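> Below are the chains, spelled out letter by letter.
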Amino acid sequence: MRQKRLFPTLIPALFLLFTATPSFAHKVRIFAWEDSGRIITESKFSGRRPAKNAAITVVDPATGKELLSGETNPEGMFSFPLPSSGAKELDIIVNGGDGHKNHWRYVVDNASFNTAPPVQETVQQGTPEKSVDGGPEATVATMTRDQLSQLLATTIDRQLAPIKRSLAENSEQDPSLQDILGGIGYILGLFGIAAFIQARKKNKE
Amino acid sequence: MHISEGVLSPPVLLAGAAVTVVGTAIGLKKIDYDRIMTMSLLTATFFVASLIHVPLGPGNVHLILGGLMGLVLGWSCFPAILVALFLQTLFFNYGGLVVLGVNTANMALPALICFYLCRPWVEKNGVGRKIASFAAGFLAILLSSLLMALALSTTDEGFIQAAQLVIAAHIPLMIIEGLITMFTVSFLAKVQPEFLNIGNS
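If you're matching them up, the sequences are chains A and B in order.
FYI, the numbering for the first sequence is 1 to 205, going by my numbering.
FYI, the numbering for the second sequence is 1001 to 1201, going by my numbering.
Note that these hints are calculated values from the structure, not bench results.
Remember, it's a predicted structure, so these values are computed and weren't measured experimentally.
We put the CB at the ideal spot given by N, CA and C, even for glycine.
Wrong hints could be hidden among the right ones.
BS3-like cross-link-like pairs, simulated, lysine-lysine; straight-line CA separation at most 25 angstroms [what the hints assert, rightly or not]: (1) A:Lys164 / A:Lys88; (2) A:Lys201 / B:Lys1029; (3) A:Lys204 / B:Lys1030; (4) B:Lys1029 / A:Lys202; (5) B:Lys1030 / A:Lys202; (6) B:Lys1130 / B:Lys1190; (7) A:Lys65 / A:Lys88; (8) B:Lys1124 / B:Lys1190; (9) B:Lys1029 / A:Lys204; (10) B:Lys1124 / B:Lys1030; (11) A:Lys52 / A:Lys164; (12) B:Lys1030 / A:Lys201.
Part of the chain A face toward chain B, derived, beta carbon under 8 angstroms [stated by the list, open to error]: (13) Lys27; (14) Gly99; (15) His100; (16) Lys101; (17) Asn102; (18) Pro175; (19) Asp179; (20) Ala194; (21) Ala195; (22) Gln198.
Using the sequences plus the hints, can you model the full thing?
In structure tokens form, the structure reads like this:
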């Protein structure tokens, strides 16, 4: 009887549940990717609204030293050149100012920075040894090969940037329907246990 | 409304946790086990409501329904909100385990204040009930924003600056929650008065 009468009250809860499936809420997220030698970060609230004028700090997690800081633009973007400190990892922290904070661990991958000196050096050191007897013609060839590889690297970089961006973006997902239903299940279960324990106590009395 | 991990200083975290522990202990004692279904439904609603975001104002806010929780549950809103926030932390990554105490206190204390301020009018019939339930929805968010600003002011931002930022972001939500609480309460009072634990009208 009681359960039957409780049913109408379930309707608002179910309504909320099903209107909520696209699931947005309040939390700030940040993700970063690199594009032609710069690290680009994008910060959003989880309703996909850009986090404007949010403070960004870049920290070297190995030393805990702050490398640089800045503010996001109206689109929630902030970009900076790769710091010259030689840090292997960067901790990029966003602070929305209203109690929301998050960070992104960026692993510095030297190979992907075609402007970074180590890559060019290895190419130039490696090629002339092979073509020592080739004379002047060979140096022309290596030059063009260098230029070509650099050109290729920039082009690939540029074309991969959107993919890197969406990979980074998707690495943190909004709550799914499973999460929501699971949570509701836990709540009902917890209160069920509470009611069960109480009922047993009453029976003993 | 969820403060993230690593924003607040340890004294604030401890104070929030202490308030939550006391509130939850009293709340658990005061649970009316005949109405545990009501409590679990409201907890589930609170848990899901945070996924509905209100695309208004400078920030990005979501429903909280603290006023409704307070009006219906009284002291028991503490354990209910604690459970819902804990699961939100686990499943959605909102807030964090360390700041759970502060976040619970931020939302449950205003709900409790609304219970004491507005509940007497909700139990009476007529326009007073509507005004009181609107006020409960509105006040709960306003007080939560103030508490949040107070917590944030212990970090680098001053209280006034933090309060302006947080309250400005939540003004649309105050009105929306006021309206939702008003309609829900007057609907429940008509259809399901025992849900609100008030005499039949």
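> Against this structure, judge whether each hint is valid.
Structure-based check of all given hints:
{"no.": "1", "hint": "A:Lys164 / A:Lys88", "verdict": "holds (19 angstroms)"}
{"no.": "2", "hint": "A:Lys201 / B:Lys1029", "verdict": "holds (15 angstroms)"}
{"no.": "3", "hint": "A:Lys204 / B:Lys1030", "verdict": "holds (21 angstroms)"}
{"no.": "4", "hint": "B:Lys1029 / A:Lys202", "verdict": "holds (16 angstroms)"}
{"no.": "5", "hint": "B:Lys1030 / A:Lys202", "verdict": "holds (16 angstroms)"}
{"no.": "6", "hint": "B:Lys1130 / B:Lys1190", "verdict": "holds (12 angstroms)"}
{"no.": "7", "hint": "A:Lys65 / A:Lys88", "verdict": "holds (13 angstroms)"}
{"no.": "8", "hint": "B:Lys1124 / B:Lys1190", "verdict": "holds (12 angstroms)"}
{"no.": "9", "hint": "B:Lys1029 / A:Lys204", "verdict": "holds (19 angstroms)"}
{"no.": "10", "hint": "B:Lys1124 / B:Lys1030", "verdict": "holds (23 angstroms)"}
{"no.": "11", "hint": "A:Lys52 / A:Lys164", "verdict": "holds (22 angstroms)"}
{"no.": "12", "hint": "B:Lys1030 / A:Lys201", "verdict": "holds (16 angstroms)"}
{"no.": "13", "hint": "Lys27", "verdict": "holds (5 angstroms)"}
{"no.": "14", "hint": "Gly99", "verdict": "holds (4 angstroms)"}
{"no.": "15", "hint": "His100", "verdict": "holds (5 angstroms)"}
{"no.": "16", "hint": "Lys101", "verdict": "holds (4 angstroms)"}
{"no.": "17", "hint": "Asn102", "verdict": "holds (7 angstroms)"}
{"no.": "18", "hint": "Pro175", "verdict": "holds (4 angstroms)"}
{"no.": "19", "hint": "Asp179", "verdict": "holds (4 angstroms)"}
{"no.": "20", "hint": "Ala194", "verdict": "holds (6 angstroms)"}
{"no.": "21", "hint": "Ala195", "verdict": "holds (5 angstroms)"}
{"no.": "22", "hint": "Gln198", "verdict": "holds (4 angstroms)"}
When held up to the earlier numbered hints, the structure conflicts with none and fits them all.
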